[in-house]
Amino acid sequence: MKNTFTGFMLAAAAAAMVGTTLAGVSCRVEPDYSVRLADKAGDAYVKVTLAADKVAAANRPSVNLSIVLDRSGSMHGDKIVKAREAACEAINRLDANDIVSVVAYDNRSEVIIPAQHVTEKEALVARVKAIEPRGSTALFDGVAAGAAELKKFKGKCEISRVLLLSDGQANVGPSSAEELGRYGALLMKEGIAVSTVGLGVDYNEDLMTRLSQKSDGNSYFVEKSDDLMRVFSAELGDVLSVAATKVALKVSFGVGFTPVALIGRDGRILDGVVSIDLNQLYGGQEKYVIVKCDAAPGSVGSAREIAKAEVSYVDPRDEKSKTVTGVGTVTYSSDSAAVAASVNKSVVRERALNENAMRTEEALKLADRGEFKAAEELMRRNYSNSMEVQGVIGRDALLEADADMQMLNSSNMNSAGYSRSARKSMRTQSYQMMNQQQNEKVKFK
Amino acid sequence: MKRRSHISVAVAMLAVPTLIFAWVAAEMIANDIAFLSARSAEKDAALVESRVSAGFAACVDRAKHAAETAVASVSANPAADALAELSRREPYVRNAFRWVQGRGVVYPVERGATQEERRFLGRYVTLFEEGFRDASREFTWKSWFEGDRLSFVGWRKTADGSVIGAELETVAFLAEFPSVLSGAAGDGFVLEVRDGSGGALFKTGEVPEKKAPDAVFALSSVLPHRTLAVWRTRPLGSEVEGLGALAATVAVGAVLFLLFAAGAIMLVLDARRERRESEQKTSFVSNVSHELKTPLTSIRLCAEMLSEGRAKDDAARERYLDVITRESQRLARLVDNVLDFGRLEQNRRKYDIVEADLREVVRDAAESQRSRVEDAGMELAVDVAGEPVMRRIDRDAVSQIVVNLIDNAVKYAAEGRRIDVKVDADGAVVVADRGPGIPKRDRERVFERFYRCDDSLAAKSSGSGLGLSIARRLAEGMGGSLACAERDGGGAEFKLSFGGGR
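Respectively, the protein sequence lines represent chains H and W.
Every letter in the first sequence is one number past the one before it in my numbering, and letter 311, counting from 1, is 296.
Every letter in the second sequence is one number past the one before it in my numbering, and letter 51, counting from 1, is 82.
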């Protein structure tokens, strides 16, 4: 709160940005340069940031969680043991106000624990411990059954979440990334987010990340089952700290600015208005969208509103709909030094990182098609992008780390493309970047 | 050897059909059960299919209805925002569109406001180019394929003549299918929905390995190009089939039991016959020994008398020599019979069939026995007068038969005092006596080897029990027959006939 407030004061003082904070959620609108070169058309980038305050544990909203576990034959051994433990740990962290259900799927889904209040933890845990692996992977069926359990208590809990674990390719049921993405989009409309945990190197990362992306859940890549407990815990930390649900962001633009593209995030650009839906905001988390605009020339000394953001959301603590707004302005100058000095480092950095993430997605596509040279070329551009941007904003730890990662990723390419592990890391990293996932990010070894 | 092979043949004859029958019966039962079960499986599967189809159709209809309602809720000339809101909020609406005659698609806006809208415009480009000339105020739905991916798109004409429609969110009703399937499958079935290329879309359990589905249905009325495969794991109407199978099993069990019982009875009978035969063989050996011993004793006695000069006169010497001659002949006959029997048993007897006068052969044979018959105090009447009766016969065999029959009469019908031998008008040889006759029950058995009918009678007279058996075998060996009958006025009558005539 204090940081945000300080940020607000600084921004107000610079007259480059106006932000309001209200009841836990705030909204900031920041152009990449608050001073633009006069009489010159060009591109402008606007970052719209939503931030939520941390939620006190005692004041957290109730959660409706469905844990959907892969119990196909490949989960045999340590994987199922650790998955059961992680699921049990998740149950243990909930309390009687929360709802939990557990679904296991192989050829078909089976509801192990029907949706119910978490009152008798021991009995619930015992049922989870009896899950044994068998059969194939009806992932869609599993998620559908999990969602069906959630809907039994529709409206009774503030937050609905499917936590999906899979270690394999979905081989029964709708199993393309597109179909699962559509299902994610559908669940998003119903207020359900699906967080996906991919275990090992055999699962389908495209499908899992798409499912999370379209439903605004988190995505995790866990190479060793030992890490499952930590990831479940982190995910639950997010779920228990949801500060806003049904978040809808509308950004309208000032005269002379026309939105043309969103960097990293998919959203609607209609009649010069950008609209984006998010399932939720976690306490202490910032989510943002970067909009690329066509900017018309402006005259020296004048000031313009570049964009105005309006965020409506439901506060899970009092279930009231609330709205916050944010406005960003620019001034025009003929002094290019003043323009350079007005750079907003975070906007330029995040733009670069998101562009890199988009290029990584593109590189994966190319590599999948066997166009390894082109893919490698894109990864090198990522690296040089991270380096060049530091030439603009100065040395930056995040960009340096990104450059290292890009270098590693491009060196992870061999004659057969990316290794399965590298591919999963890259896919999950790019998703986590574009989704601004804050917890348990994949760290490239 | 011969006996044993008989038993083996009997056992084989019993075992082979039993096994064949059992196999056929088991096969029939299996077929029967398979047929019944297949028929009922098909019936049950059809029932399940109708549930699945109805369930799926209900899901799709619900989705369509929700989409129709959502589309109907927007005004005839809605703002772009209102259409965007449809796909943003309605779970069953994936994309909404508005089309105006002459302008084409006016929403989504050119190139789309989102990635999804851009793809939507690409997916239905042919539909939009075609236009909606047939659109009415009623909602029209059309199934649409992009590759193997199925979607539904529907539209209606609005008050101002434009067309507003929606693309259904396919996964919305797909997500409801697993529970429909599980409900329809219950415990008795495994169901699998397959896509156009045979891949499994949904299944309700582990599909039985290497087992073709009991039935496969097209789900075309609800989902084009999709099929439903049904395996039945437990029949619905188990009682009826169970009874049928039970009845069949009981029937086969009963038949098998009867067959084995019959086999067992045959074995017991066979064992009894075997025992009787071995008893007969024992008595045969003692008989033959006795038969051999008696003439030998006589011959030895006479020979000793002669060699010791104890014969008082020529007449006595003559009598001793006569005894030796007669007893030697008797020995020779006996040995001949035993040898013949051996040959006949092993089927080594050769027949020398020639055209001959039966009367002449019979007369010669009978006459050769006259002295013996008369020695026994009997009369031999031979009636062979008349035209020669030409038959294809083995002279020696006929002769031996006649001798054996006369010998038999001498042994057992001496009290009748008369033996009649004749060749009758049909060309059959008849040897008849006035003895005690042969009881009806023994008339066939007298021809069995070693068989001697009445123990008291047999005790009085010596005999090997081979004569009649040999006679019949010889008769049959020539293609004739030998039978025994009761003689009018008492006694036995043996008739040797040659079926073929000349």
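Read the hints as simulated data drawn from the structure, not as lab findings.
From a predicted model like this one, the values you see are computed outputs, not experimental measurements.
Among the hints, erroneous ones may be present.
Unchecked claim - Cross-link-like lysine-lysine pairs, in silico, BS3-like; alpha carbons within 30 angstroms at most:
| no. | chain 1 | residue 1 | chain 2 | residue 2 |
| --- | --- | --- | --- | --- |
| 1 | W | LYS442 | H | LYS137 |
| 2 | W | LYS95 | H | LYS139 |
| 3 | H | LYS141 | W | LYS95 |
| 4 | W | LYS471 | H | LYS231 |
| 5 | H | LYS114 | H | LYS305 |
| 6 | W | LYS471 | W | LYS442 |
| 7 | W | LYS453 | W | LYS471 |
| 8 | W | LYS95 | H | LYS174 |
| 9 | H | LYS293 | H | LYS305 |
| 10 | W | LYS241 | H | LYS136 |
| 11 | H | LYS141 | H | LYS293 |
| 12 | W | LYS312 | H | LYS174 |
To be verified - So these bits of chain H aren't anywhere near chain W, every CB distance computed over 12 angstroms:
| no. | residue |
| --- | --- |
| 13 | VAL40 |
| 14 | LEU165 |
| 15 | ALA386 |
All C-beta atoms in this analysis are idealised placements derived from N, C-alpha and C, irrespective of residue type, glycine included.
Structure-based check of each hint:
Straight-line distance between C-alpha atoms of W/LYS442 and H/LYS137 comes to about 112 angstroms, which puts the hinted pair past the 30 angstroms bound. Distance hint between W/LYS95 and H/LYS139 is fulfilled; the C-alpha atoms sit about 22 angstroms from each other, no more than 30 angstroms. A distance of roughly 28 angstroms separates the Cα atoms of H/LYS141 and W/LYS95; the hinted pair therefore holds under the 30 angstroms criterion. Among the hinted pairs, W/LYS471 with H/LYS231 is inconsistent with the structure: their alpha-carbon atoms are about 114 angstroms apart, more than 30 angstroms.
Among the hinted pairs, H/LYS114 with H/LYS305 is inconsistent with the structure: their alpha-carbon atoms are about 39 angstroms apart, more than 30 angstroms. Our distance criterion of 30 angstroms between C-alpha atoms is met by W/LYS471 and W/LYS442, whose separation comes to about 20 angstroms. Distance restraint check for W/LYS453 and W/LYS471: the Cα-Cα separation of roughly 23 angstroms lies within the 30 angstroms cut-off, and the hinted pair is therefore satisfied. Restraint check for W/LYS95 and H/LYS174: satisfied, since their Cα atoms lie roughly 17 angstroms apart, inside the 30 angstroms limit.
The hinted pair formed by H/LYS293 and H/LYS305 meets the criterion: a straight-line CA distance of about 23 angstroms does not exceed 30 angstroms. A threshold of 30 angstroms between alpha carbons decides the hint, and for W/LYS241 with H/LYS136 the separation of about 39 angstroms lies outside it, so the pair is violated. Distance check on the hinted pair: H/LYS141 and H/LYS293 sit about 34 angstroms apart at the alpha-carbon level, beyond 30 angstroms; violated. A distance of roughly 105 angstroms separates the Cα atoms of W/LYS312 and H/LYS174; the hinted pair therefore is violated under the 30 angstroms criterion.
The Cβ of H/VAL40 lies farther than 12 angstroms from every Cβ of chain W, with a closest approach of about 27 angstroms, so its non-interface assignment holds. Look at H/LEU165: its CB is around 8 angstroms from the nearest CB on chain W, not clear of 12 angstroms, so calling it non-interface is violated. Against the 12 angstroms criterion, H/ALA386 stays outside the reach of chain W, whose nearest CB is about 29 angstroms from its own CB.
Hint compliance for this structure: hints 1, 4, 5, 10, 11, 12, 14 are not met, and every other hint is.
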